[in-house]
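J.: The residues making up each chain are set out below.
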Amino acid sequence: MTSTGHLSAAEAPAETVVGEITYLEAIRVALRDALAEDDRVFLLGEDIGVFGGAFGATAGLLEEFGEERVIDTPISEEGFVGAAIGAAWMGEHPVVELQFADFITCAFDPIVTVAAKTHWRSGQAIPITIRCPSGGGVRGGPFHAGSPEGWFVGTAGLKIVCPATVADAYGLLRSAIEDPDPVLYFEHKRLYRTLRAEAPDDSLRTPIGPAAVVREGNDATVVTYGSGVGTALAAVELAGGDVEVLDLRTIWPLDEAAVLASVEKTSRVLVLQEAARSTGAAGVVLSLLARRAFEHLDAPPALHAAPDTPVPFAPELEDAYLPSVETTAAALEALLAY
Amino acid sequence: MAVEPCAENQSVGREERIELFRLVLLQRLFEERVTALYRQGRVPGSVYTGRGQEAVAAGAGLALGPDDVVAPLNRELACHFARGVEPADVFRNFFGKATGPTAGRDGNMHFGYPGDGIFPLVSMLGDLVPVVTGAALAFKRRRQPRVAMTFLGEGAFSVGDTHEGLNLAAVWKVPVVFVIQSNRYSYSTPVARQMVNTNISQRVFGGWSIHSERVDGTDAISVLATVRAAVERARDGGGPQAVEALSVRMHGHAAHDDARYVPAGMREEFAERFDPPARLAARLALDGLSAGEIDAVREDVSDEIAAGLAEAERAPAPDPATVEHGVYAAPPRSSVG
Numbered sequence: 006m007t008s009t010g011h012l013s014a015a016e017a018p019a020e021t022v023v024g025e026i027t028y029l030e031a032i033r034v035a036l037r038d039a040l041a042e043d044d045r046v047f048l049l050g051e052d053i054g055v056f057g058g059a060f061g062a063t064a065g066l067l068e069e070f071g072e073e074r075v076i077d078t079p080i081s082e083e084g085f086v087g088a089a090i091g092a093a094w095m096g097e098h099p100v101v102e103l104q105f106a107d108f109i110t111c112a113f114d115p116i117v118t119v120a121a122k123t124h125w126r127s128g129q130a131i132p133i134t135i136r137c138p139s140g141g142g143v144r145g146g147p148f149h150a151g152s153p154e155g156w157f158v159g160t161a162g163l164k165i166v167c168p169a170t171v172a173d174a175y176g177l178l179r180s181a182i183e184d185p186d187p188v189l190y191f192e193h194k195r196l197y198r199t200l201r202a203e204a205p206d207d208s209l210r211t212p213i214g215p216a217a218v219v220r221e222g223n224d225a226t227v228v229t230y231g232s233g234v235g236t237a238l239a240a241v242e243l244a245g246g247d248v249e250v251l252d253l254r255t256i257w258p259l260d261e262a263a264v265l266a267s268v269e270k271t272s273r274v275l276v277l278q279e280a281a282r283s284t285g286a287a288g289v290v291l292s293l294l295a296r297r298a299f300e301h302l303d304a305p306p307a308l309h310a311a312p313d314t315p316v317p318f319a320p321e322l323e324d325a326y327l328p329s330v331e332t333t334a335a336a337l338e339a340l341l342a343y
Numbered sequence: 018m019a020v021e022p023c024a025e026n027q028s029v030g031r032e033e034r035i036e037l038f039r040l041v042l043l044q045r046l047f048e049e050r051v052t053a054l055y056r057q058g059r060v061p062g063s064v065y066t067g068r069g070q071e072a073v074a075a076g077a078g079l080a081l082g083p084d085d086v087v088a089p090l091n092r093e094l095a096c097h098f099a100r101g102v103e104p105a106d107v108f109r110n111f112f113g114k115a116t117g118p119t120a121g122r123d124g125n126m127h128f129g130y131p132g133d134g135i136f137p138l139v140s141m142l143g144d145l146v147p148v149v150t151g152a153a154l155a156f157k158r159r160r161q162p163r164v165a166m167t168f169l170g171e172g173a174f175s176v177g178d179t180h181e182g183l184n185l186a187a188v189w190k191v192p193v194v195f196v197i198q199s200n201r202y203s204y205s206t207p208v209a210r211q212m213v214n215t216n217i218s219q220r221v222f223g224g225w226s227i228h229s230e231r232v233d234g235t236d237a238i239s240v241l242a243t244v245r246a247a248v249e250r251a252r253d254g255g256g257p258q259a260v261e262a263l264s265v266r267m268h269g270h271a272a273h274d275d276a277r278y279v280p281a282g283m284r285e286e287f288a289e290r291f292d293p294p295a296r297l298a299a300r301l302a303l304d305g306l307s308a309g310e311i312d313a314v315r316e317d318v319s320d321e322i323a324a325g326l327a328e329a330e331r332a333p334a335p336d337p338a339t340v341e342h343g344v345y346a347a348p349p350r351s352s353v354g
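Those protein sequence lines, which keep their order, are chains A and B. Residue numbers for the first sequence follow the numbering used here, beginning at 6 and rising by one. Residue numbers for the second sequence follow the numbering used here, beginning at 18 and rising by one.
Check each hint, because a few of them may be wrong.
Here are the simulated lysine-lysine pairs, DSBU-like style, with alpha carbons at most 30 Å apart [what the hints assert, rightly or not]:
#1 A:270 <-> B:190
#2 A:122 <-> B:190
#3 B:190 <-> B:157
Hints listed in this document are in silico derivations from the structure and should not be mistaken for laboratory results.
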């Protein structure tokens, strides 16, 4: 499947400010550095070569690395994800771009049937990275603004990472490309040009697995990832309180020890995710808390997430659908007041 | 009607003919043995056979070079044997043994040796078409003179992966060979209920401009000659190739399936004239092999299967304590502890 157009116009990448880059630029630099350092790395996807990608993440890479390293594919997610698996079997480290994370439905079978189970069944590593531009707030509607990572949470054999910062956009992508297992890399479209930070050193690798405490606190923990991290940090400022924010970074497999360690300290927890409330990481975290943190809790674990509907288009509806700083602050206040 | 000997073909010499006979018999007798074990309750799960299609598996398997790779399916046991897999390995997988190729994590024909160029079968039809296409893409970008192959049947031609994979192979012009097992049925559904134009070879050429030929899939010598030519065209830069091998599936889909849906007498009539091992034996007799020499091959194969079975029966079962092992090549760690 390909874009219907209204979101696909690649802007020329912003001029890089010396020393500072955007989240999107961090992705492009990570791809460029990986291509330059390791000849096993090549890119596959729709409109990633001549056009530079629907969002510009691969702009300039065709010119620098040529058409054998940056391959414009037909509109065949199932086919080119399967082909990436076959190339990985031969020792390559292919990086697939799905134009929108929503289109991962078309590639469900090779991801879950083949990539996820091959090492377990045969000992053969499948080092593929699948980049999935996800998330709402861009008026994309039900086919271009989803957060479908939850469908894969719980799938043995897959690793799922969701960078929330410029540094992790770079460091998690480099780690994913080097990793011997299949990694789904969910990059949030709203963060592409809204996050800007010091350009990471090319040696930066964010390890796959560990969560990170991005704000320390003692009275409550917000467990979140991806777009939720920025929302949580702003909500804590708004609500006040001595609140810890835990960025999962890798949502599957879950860093259970990090979640438990924080909640044992704070005794209150809000799970925040942009994905619909009955999908994915939130359920796994809440199950863990019910089983393993029950006696440490001073309040029922809270969940703030999008409702169980597809992502709506109209600005009024999408704004009501997405967890915002204000609604998250309200959820946090209720938790602290319990 | 008497059995028809394999057609004469000068490109396949005496030693190769004997090797084809050995491989076809190895599949036939192994599958008879494992089916009997299943009926005795000694094989968990199910048993899938390629009875009637052994010549395709053997001929295509032998057509590959030492550095080529392949993804065989359920009906291609002889292809595994042609690539160096031994009967004991396969028995260990049927029994779910710890030392089998999947360590008891998968069963029956669901196995491979990916480190040795054999990708493990997945059940979803068509999935392996893009996978071998991707392996061939790696060969092309590395300028390696290697070829990737998979098998697929009529059933896979109703699945999207197949069409996407064939298209990518053609667009990328990669060295891959698709061996199509046209055995007339997909489980219980005859081919006429699955597609309008049942000439798959014609569709593959017409749809994707992939060079495609039909071959008698019960004649192992013809299969070897035809598939080998396709493999070498692919190796020489000719892009993807297809060979459609025509045969009849002489068993049900699996051991539990009595194939009552097949018209009475069809398989018996077919077997009388076109049974793959009998066709090879008849050709070898015409070539001057004595009945004693032909029987000696049969005896060696029987001995090999018996020895493999005994070895597999002695193999250890998996340790239940390992049930959560092996999911990741690099298991993720925590930030704590």
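J.: Each of the hints needs a verdict: does it hold here or not?
T.: Results for each hint:
{"no.": "1", "hint": "A:270 <-> B:190", "in the structure": "59 Å, violated"}
{"no.": "2", "hint": "A:122 <-> B:190", "in the structure": "29 Å, holds"}
{"no.": "3", "hint": "B:190 <-> B:157", "in the structure": "9 Å, holds"}
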